[in-house]
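Please assemble the complex out of the two chains, which come individually in their own frames, going by the hints.
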Amino acid sequence: MESILNIRNVNKIYQSAGRELKVLNQINFAIESGSTVAITGPSGSGKTTLLGLCAGLDRASSGTVELNGIALEKLNEDERAAVRNQYVGFIFQNFQLLPTLTALENVMVPLELRGAKNIRAQALDLLDRVGLADRSHHYPVQLSGGEQQRVSLARAFSNQPAILFADEPTGNLDAETSEKVIKLLFDLNQDAGTTLVIVTHDLELAARTSRTIKIKGGTIISDENHSYAE
Amino acid sequence: MQNKIPRQRIQFSWLFKMAWRDSRKNRSRLLLFISSIVLGIAALVAVYSFKDNLQHDIDAQAKELTGADLVLDSRKGVTKAMQKMLDTLGNERSHEKTFASMIYFKKGGGSRLVQMKALKGDYPYYGTLETIPLEAAENFQSGQDALVDQTLMLQFGAKVGDSLKVGDISFKILGTLVKAPGQTGIAATVAPTVYIPMQFLAKTNLIKTGSRINNKFYYKYNDPSGVDEWVKKNESKLESEGFDADTVESRKEQTGRSFKDVNRFLALSGFIALLLGCVGVGSAIHVYIQEKLSAIATLRCLGLKARHAFFIYLIQIFFIGLVAAVLGAVIGTGIQFLLPVVLKDFLPVEITMRVSWAAVAQGILLGLIISILFALPSLLSVRKISPLNAIRISFERTSQKQDPFIWLVYLLMTAFVVGFTHLQMKNWIQTLVFTLSIGIAFLLLILLSRVLMFMVRKLLPNSISYLWRQGFANLYRPNNQTLMLTVSIGLSTAFICTLFFIQGILMSRVTLSSGSNQPNLVMFDIQNTQKKGLDSLTKSFNLPLMNQVPVITMRIEEINGKTSSADTSNRRAYRNEIRATYQDSLTAAEQIVAGKWIGTVKPDETIYISLDQRYASQIHVGLNDKIVFNVQGMMISTVVGSLREVNWSRMQTNFRVVFPAGVLERAPQFHVLMTRVPTNELSAKFQGEVVQHFPNVSVIDLDLVLKLLDELLGKIGFVIQFMAGFSMVTGWMVLISAVLTSKNQRTRESILLRTMGASKKQILAINAIEYFFLGAFAAGAGLILAIGGSWAMAKFTFDAAFVPPFPATLLLFASVILLVVVTGILSTRSILNQPPLKILRSGS
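Line by line, the protein sequences are chains A and B. When we follow my numbering, the leftmost residue of the first sequence carries the number 1, and every step to the right adds one. When we follow my numbering, the leftmost residue of the second sequence carries the number 1, and every step to the right adds one.
Chain B extracted, bound-state conformation (with noise of 0.2 angstroms):
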């Protein structure tokens, strides 16, 4: 007779209740397990956290970001039609010219290049400028008074009533500039700003012709509702007249743009970090799945359903991770405070830190999805455990390729990376670069991993004694932990190692440039008249004269016979002032790449000029092209004869145009001079004679540059660390992890061979020289993709050699090494302690 199937009954409770049963004892592990991913919510949450914060405070702070309802700026000259509808605009009204000029401290002697603002009017209207003394700033325009920045107040040693040479005149020091509206604590220290009273600009002399002026109108409005209106209905003509407008609306706009690349750096590496915790978890839950196998297969037995076995499985992750992804959230929201005293000298505001419940959902939402998505390769597979597992412990694993859903699991985790990295970048090309990037970075760890399993399993020689032989043996053997390690560990260390590189390309580059035979200190804005008592000058110094050349102001008037308005797609080739030169022959640093150089030109004939090939395909150009030039109101005609590649990093005067001789040796001019000077002091010496004998003449020290610019990247350099930080935690969260999930293998071979005589140094050994391995392999690994990496930006990106800093590099890899090393051992060593009998019988 045939009997009908039974219909079972579970309830979902039942499963909740079985899931926590089957946890006990495995709680702690298991957070151990999802605790990899702990870091990369924390680094998320606080990213997202103070992207809120900062977002708030730019919408909060907007105005004294600007410090006027509308700000006006031109580097061209103001036209008569322009000045009349300039005075015409808002209720207050204030104005500011900022240049470039040398100012001479007169008690210390001092000098230096600063970005000096002639002010006239009550600017700022919102936010101060903040002095010290606080009254500073209301009554420097009423003297010959000057407010300097701190930065420079430090450097000279300058105090409040020091006086202060600028151009041919004093000003009397009123008080040290703190912060302006807008201002942030690096553009300070790369350009320090000093203000003196518009009324006093005249007197020192320093507007000469070619001086390159920015002029900025602040306007305050007693209803500024109608700005943002007024601008776009004021764009075109604005724009002919060479302005730019600035609202609190498009400052706020602009600064939350700017910040959006800042915060998107930070996301990515907190999310680089997160995925490096993934391939943990993947890796852990895999792990305690097979110790599960069982269990498992004792409730399928019993009659348990295979989709019931997975959602107690399922359960456990889901609890787990939640657990995780909230310890992760609290960790990013007390981290967030932390990243603005990282980031305080990039922050144009002030920012106001507290809890963002939409980061911290964000936080948890994001841990839990990882969690569920990179446990659940291994969660299909219970599905699949035989109950036959159950009476036959070695019974055959199920395959895993036979599962349809895994591959949808793969492609949910693909389509999870690059969507997440979408949501960063929004820019498609940019996603799939990155998704790729790490893609191949992980696909290339996997591969040398096996690879070194492959060598050492070929290579090992039988002769060695039995500890290495053991010891190297523990990198292929069955639960090894190579591919895990050499891929978390591998890509931290390639990420950290990367980012130390490329900050040492970049110092090495400029070095280079300023190398004992090249130029250390440059000379501009010297007029026809000053040139040779300049020379003179020099040469007293015993200075050489390196590299004098004249430069000339000018624009584009017309392409080809069109102006700018009928070539509205090429704005950019009319809009800004080019500074070109004239010459008869070819410098060092230029190659003629197309087209035929001509050095001199004599009247009446066509001037065939030279062109930058980069510059000429960004303004759309190429040879035998027509160009009429403005040169400061007569217009020049003409063709382009040669396209020159120029190499920028030599420390010389390079131009994006370059005339013949004997076209515009009469054309309103001034000169660069360049020279070398051996000593600090010297250097010192004769910046002080060029600013009292030629006030106008700015002098850049390159001593002074490569300073500021190590500087500046230490400082950038700090925040990339500090991100970096993240994922070289994560990556040793993920090692104890590892060495933890293979303990129970290692733990019971080390007692086997105890019992069979081996003594506690010995094991101890063996864990070493396997430890001692891997983390050798895997700190090499991401070595070499650092090396590789960083190799094709130096020579595709910044177009310099790359030789790995060889101390450092090592000092980082031995570092990773003895890391893993000591984890190794200390995980290991406590169940050394412990009689062999009492951990075999609780094994069995």
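With the rest of the complex left out, here is chain A (with noise of 0.2 angstroms):
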């Protein structure tokens, strides 16, 4: 199979207080398309740096990250911006759903980035397949955790991502609503097909994925694939 996210000999040095802060130590992995991958680590591991230089939101210090084939390393800011755009999907912490924003108007968000036409209509059918159809002209000081994240899910499968970075999506949830929320991103992510990287603590969460890659101090210290994935 074909890989979506290649990482070379990737390092990340951070200039801290006139020191530096060697943050990732020569991270070397490949991600195929359609997999589903778990990045866990204890805090400080790097996990979510490692996020940000997958998903281009940042520079690798040295390295390589190719996504869909795009080296990301040769692109400016905004050259990123429109390939995050077009390939890749986001879930968030916190939610980060824009607040002065309804649902429905954060879903359309990436779709109408991309300036497509004629997309309430996709953005509401997303919206009932979270199942906050109704909720659509709330805005998110209006919705629970729960809600807001459902939300989330529905914006980032909107653009028909080839890649989903999700970044502890259940840490600011309660377990009845985290299992919910889990079982809602595998079932959109099964149908839609897509790559998914969820970067977590909970090792019951990154079991559910077929592969768990984990980092400690900066640098993978393994990378296994699990049998019964779902």
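These aren't lab readings, by the way, just hints derived from the structure by calculation. Remember, predicted model here, so these are calculated numbers, not experimental data. For glycine and all other residues, C-beta sits at the position ideal for the given N, C-alpha and C. Where hints are given, some of them may not hold.
[Unchecked claim] Calculated cross-link-like contacts (lysine to any residue; reagent style SDA-like; alpha-carbon spacing at most 20 angstroms): (1) Lys4(B) with Ala116(A); (2) Lys384(B) with Asn76(A); (3) Lys384(B) with Glu79(A); (4) Lys4(B) with Gly69(A); (5) Lys179(B) with Gln61(B); (6) Lys25(B) with Thr100(A); (7) Lys25(B) with Pro99(A); (8) Lys74(A) with Ile5(B); (9) Lys4(B) with Glu79(A); (10) Lys17(B) with Tyr139(A); (11) Lys117(A) with Lys17(B); (12) Lys4(B) with Ser3(A); (13) Lys4(B) with Glu73(A); (14) Lys4(B) with Glu77(A); (15) Lys17(B) with Arg120(A); (16) Lys25(B) with Val141(A); (17) Lys74(A) with Pro6(B); (18) Lys17(B) with Thr100(A); (19) Lys117(A) with Phe16(B); (20) Lys117(A) with Pro6(B); (21) Lys17(B) with Asn118(A).
[Unchecked claim] Derived contacts from chain B toward chain A, CB cut-off under 10 angstroms, selection only: (22) Trp14; (23) Ala297; (24) Lys305.
As structure tokens, this is what we get:
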């Protein structure tokens, strides 16, 4: 199967208080198209930094990140934005819904950015699939945490991304709501055939993916495929 | 396989849609932020509208300003040749002699120095002498009647029909003079006018040797189109005869020019308010963008390009700025109706107020430019917001220094301030002085606020109670308002206090001059024959003869062998009449700074005169230069023997030119006598006697001058304070905006404190302490600037000592603090009344 994400010899170094802080050290892996992968590790291990590099939110200090065949390190910020809009979906721990937009408008934004037409029906359909068709005109502040994350899921799938990055998608939710959101995430992912990369502490959630990359101190300490993955 | 980078096609309309969506729930807040500029715009629109209307009315009423098509005036006597020419001009002509004289109200016994106008002819030809009753203006020349200015009538409780003594004869008051062409209310207050018919002037016996008379000749032409050309053609002849010409056109220009200065001052006052507002806008937009950081980062994650994010917020600022500018223009258009009321005493024309669309357009454009320009530093940072902020809330801030555009924006801001000031000033030196002064004031206030933050941080003792520590710490902790409030409140306090102090300096300077040992009554135009008699009269009232000097009127004929026609670059020296004296010794107000003082001169010896050093430099003359004086026909050659520094603020007769004794004793001269009268009653009685026995002698009552000056300064002060008020209110609006801007941070902290058990009272106390010190510091910083500026002006401009008026300063200081504390407390109080949980939830 073809790789959608290729990470080769990636290092990330930050300058902090006049000294260098190496957050990622010689990271190498590839993710096949349509697969589900979990990146796990303790706090401060570098997993969110890695997600930022994979999704084109930041640049590696050295090494290459190739997403859908495009070498991100060669692109400027605006070109990376276009790549994100075209191929990438995001789910954030704190939902990151735009507070001044309704649920429907939040879902429409990625499509609008792409310049797509007649997107309202498409967005409403997605909200319906996450069970929030009747809340489409509500603002984020009028929705519960679980509902906000469901809107976030609808938004993430709205531009039919090639790869979806989820950063601790259940980190701000209670157990019951988490279960519902995760089920929805995997269902939608399966339907869309999207590659899913989840950054999480939650080992149970990681276990539901087909592969887990463990990271510690900025280095990959294990990379395992799960035979029992859903 | 290398895929192609996708192309994004974002339509401009979507950016507008997104700007609209993003501004939801923030619009009233944005409007509040930007409202800081509303009053500045309003002030400028009001001033511009007023300027337009004034110019329009000056154009429309220019003929009424001069009252004639041509006015020729001279302080010199009229030569026969000139008189011949004067008699041939115009189709209708009038003649007026103006001079200072005492009048005496027979009924009430009051007397006062006035501007006497003896008139012959039907002047004014345009406009009218407005009198009560109306017909008095037309009829007063038929009999021995007078028109008396209404301020005089009021002052002495005189009525139409009363008798008025002018010189040796009496006139019946036929009417009250309300307004004369071109006369302003302030001129009437300072020098009230009395009109008498010219035919009775000689009988008054007021015109004596040395009397300072201004001859005015008014002409009406059936076809006035050639008047300006005639004046141009005869300019040199008129000048050589000592005549000035005034036409409708020249008066129009001259009046417009004098009001340009007033408008310039008004516009700059409005501009200061606007700049103050800009500080508020810049700061508030910065906080607004900081709060939007997460939303912008999310949009960037979803694929929004940096420049599109920038445009979304630029569009918001553009429209909110437009709303503020329109609001400012509407308020300004309303305020312009107040300006004629504020300035009524200074206006020579009737103002007809109308909406000036040009002023409105200028105001709106200015509002838009300013909103965008001062929001740009924050807006530019939007381009630098990384999408990483969406996953890492504490992602490092982008350094503004690295953005070259930020320097371009700062350059544009400076260019805007300098350019706008130059548009008002039309003079680069004044522009630089103004912008540098404002810049230095800003920098000093920034410096002072930084010093405060540093000092509080370093000196705050741990031993003081928690409430005080927390309140003080709020002055330097992140998201503090110290810098912004110090600048905005400090600058407006400085502006208002400086105006107040300068008014005080001017008043105290005059008051000091009239201290208990100083003379308070000056009598001049005393003829040689009257000198003894007046001395005796003064002594009979037990009044001291404090300063008696002779005065001789003369002109400069030659300087170092050059006459006025040869010395064209120094015309001023030859043109003006000089009043000189002779004395054998220097007075206490004089000090020789160059050369040697020679007190007496023998016949045939060189006459060494002494000049005031400033006057000498004005007429480009130094030591040993030769000057020939024309003393009423007799040429006297002199040499500049010494230069004196003269203390003009001393209440005594001072002279630019002093001759030694032994030269001018027999020249035509008059005398000045000064005395001190202890009470108002005695002063009135004494003045009455002087007018009765020596009608040509003029008396200046310095107590009255003081009163007039106080009134005049009060009126000017009112105009200044009216404009300064815009800055004060803008400062207050910036304060409200600043308090509400940082409300979110303060509120969250307050709620957390409440959750941990702090009472509402304790939290209010913490806020009150913070706002008290902020207010105290901002007002204190403003006062320091005002005191420094006033001291410098007192020392270098007014040559006076400056002591700030303690009680008034304290009151102003306390008022500013109170305003800051009350505004701060009121804005946080509402939050404290809500349950903590509600706010914590909404905050998350």
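Against the 20 angstroms threshold, does the CA-CA distance of Lys4(B) and Ser3(A) hold or violate the hint? 16 angstroms, holds
Starting from Lys117(A), check that the Cα of Pro6(B) is at most 20 angstroms away, please. 17 angstroms, holds
Lys384(B) and Asn76(A): Cα distance at most 20 angstroms? 13 angstroms, holds
The hint names Trp14(B) as touching chain A; please verify it with the least Cβ-Cβ distance against 10 angstroms. At about 6 angstroms, which falls below the 10 angstroms cut-off, the nearest Cβ of chain A leaves the hint on Trp14(B) intact, so it holds.
Mind checking the alpha carbons of Lys25(B) and Thr100(A) for me, to see if they're no more than 20 angstroms apart? At roughly 7 angstroms apart (the allowed maximum being 20 angstroms), Thr100(A) and Lys25(B) satisfy the hint.
Does the alpha-carbon distance linking Lys4(B) and Ala116(A) stay inside the 20 angstroms limit? 19 angstroms, holds
Between the alpha carbons of Lys4(B) and Glu77(A), is the straight-line distance 20 angstroms or under? 16 angstroms, holds
Are the Cα atoms of Lys117(A) and Phe16(B) separated by 20 angstroms or less? At roughly 17 angstroms apart (the allowed maximum being 20 angstroms), Phe16(B) and Lys117(A) satisfy the hint.
Is the shortest C-beta separation between Lys305(B) and chain A less than 10 angstroms? Holds: closest Cβ of chain A sits about 5 angstroms from Lys305(B), inside 10 angstroms.
With a cut-off of 20 angstroms on the C-alpha distance, tell me whether Lys74(A) and Ile5(B) pass. Holds - the C-alpha atoms of Ile5(B) and Lys74(A) are around 11 angstroms apart, at most 20 angstroms.
Take the C-alpha atoms of Lys117(A) and Lys17(B), compute the straight-line distance between them, and say whether it is at most 20 angstroms. Between Lys117(A) and Lys17(B) the Cα gap is close to 15 angstroms, so the pair holds against 20 angstroms.
Straight-line alpha-carbon gap Lys74(A) to Pro6(B), limit 20 angstroms: Within the cut-off at roughly 14 angstroms; holds.
When the structure is compared with the earlier hints, no violation turns up for any of them.
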